[in-house]
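Once you have looked at the hints, place chain A with the ligand on chain G.
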Amino acid sequence: MNESEKFPSFSLEALRRRDRQEMSRLVEAFSGVVYRLGMKMLGDPQDAEDVLQSTFLKVFEALPTFEGRSSLSTWIYRIAMNEALMILRRRRPEVGLALEEGNDEDDEPLSKPQALVDWCCLPENELLSGEARRVLDEAIRKLPEKLRTVFILRDIEGLSTEETAEALGLSETNVKTRLLRARLRLREMLSEYYGERVKESGLYG
Amino acid sequence: MDRQDCQHLLAALGEYIDGTLDEELCREIEKHMAECENCRVVVDTLRKTIYLYRVEAQEESLPQEVRHRLLARLELEG
Ligand SMILES: [Zn+2]
Chain G
1 MNESEKFPSF SLEALRRRDR QEMSRLVEAF SGVVYRLGMK MLGDPQDAED VLQSTFLKVF
61 EALPTFEGRS SLSTWIYRIA MNEALMILRR RRPEVGLALE EGNDEDDEPL SKPQALVDWC
121 CLPENELLSG EARRVLDEAI RKLPEKLRTV FILRDIEGLS TEETAEALGL SETNVKTRLL
181 RARLRLREML SEYYGERVKE SGLYG
Chain A
1001 MDRQDCQHLL AALGEYIDGT LDEELCREIE KHMAECENCR VVVDTLRKTI YLYRVEAQEE
1061 SLPQEVRHRL LARLELEG
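Order-wise, the sequence lines are chains G and A. Residue numbers for the first sequence follow our numbering, beginning at 1 and rising by one. Residue numbers for the second sequence follow our numbering, beginning at 1001 and rising by one.
It is possible that some hints are incorrect.
[To be verified] Calculated lysine-lysine pairs in the BS3-like style (CA-CA distance at most 25 angstroms, straight line):
#1 K1048/A <-> K142/G
#2 K199/G <-> K1048/A
#3 K112/G <-> K142/G
#4 K112/G <-> K199/G
By construction, these hints were calculated from the structure, which means they are not laboratory data.
Same shape as in the complex, but just chain G:
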């Protein structure tokens, strides 16, 4: 899948001379995804709105220097992710990088899956109930930053491995390992919740 095919194409030339119509088109095409990225990264509507506004201010400011080596969408995702990370660090300066490191290093062996309850059989309305959605949101915020960024771009936004690597300044190998770690961690957290729902429903054992 190629990210750039999901979005309409834009005239860089028109954007650079600040053509209002072209700028509006760009905003319409990307404001939804940038806001969503902010929500998933920060979990707070006000913070997500800050990400949204500062991303577009940066995008229009930096467009004259955009070289077009990556696609426009990947470039916008990269700016949005940087804005989100900046707000995250400003918000909790006490959580230094030290806490983020130390586990989930890329070369560490994967930990064995623990939860082995099959909860796939739960009905969709239970998998996506209001309570379940809160569990989904909490789980993603419990991921270490470097796993969360990869999961959001790859699995939620649907960027390719290559595009994600480009947006985050990582190697493709790192993207793959971090993505698998993120997915496995989320699976464990969701299994805790859904496993209980399965037991309650009597569908299991």
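Frame of chain G; chain A with the ligand shown alone:
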């Protein structure tokens, strides 16, 4: 998840789920899953995990007032 086969499967799981693993390895994984209930559950629940996040994210839309404030900030209104 103690057997060596299970460990192998775990390492290849990302690419297996993304459909980028080569065919021969895919067949090995599927053969293993057919006889290892634990790995089958891990694969199924892992796929479902990704699916749920995708569905949930599709429903997240930009609130109208947030959109208006953005356009105002960028002086693109009207
Ligand atoms: Zn197994």
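Here's how the hints hold up against the structure:
1. K1048/A <-> K142/G: holds, 19 angstroms
2. K199/G <-> K1048/A: Roughly 18 angstroms between the alpha carbons, so the hint for K199/G and K1048/A holds.
3. K112/G <-> K142/G: The given pair, whose Cα atoms are some 19 angstroms apart, holds under the 25 angstroms limit.
4. K112/G <-> K199/G: holds, 23 angstroms
When held up to the earlier numbered hints, the structure conflicts with none and fits them all.
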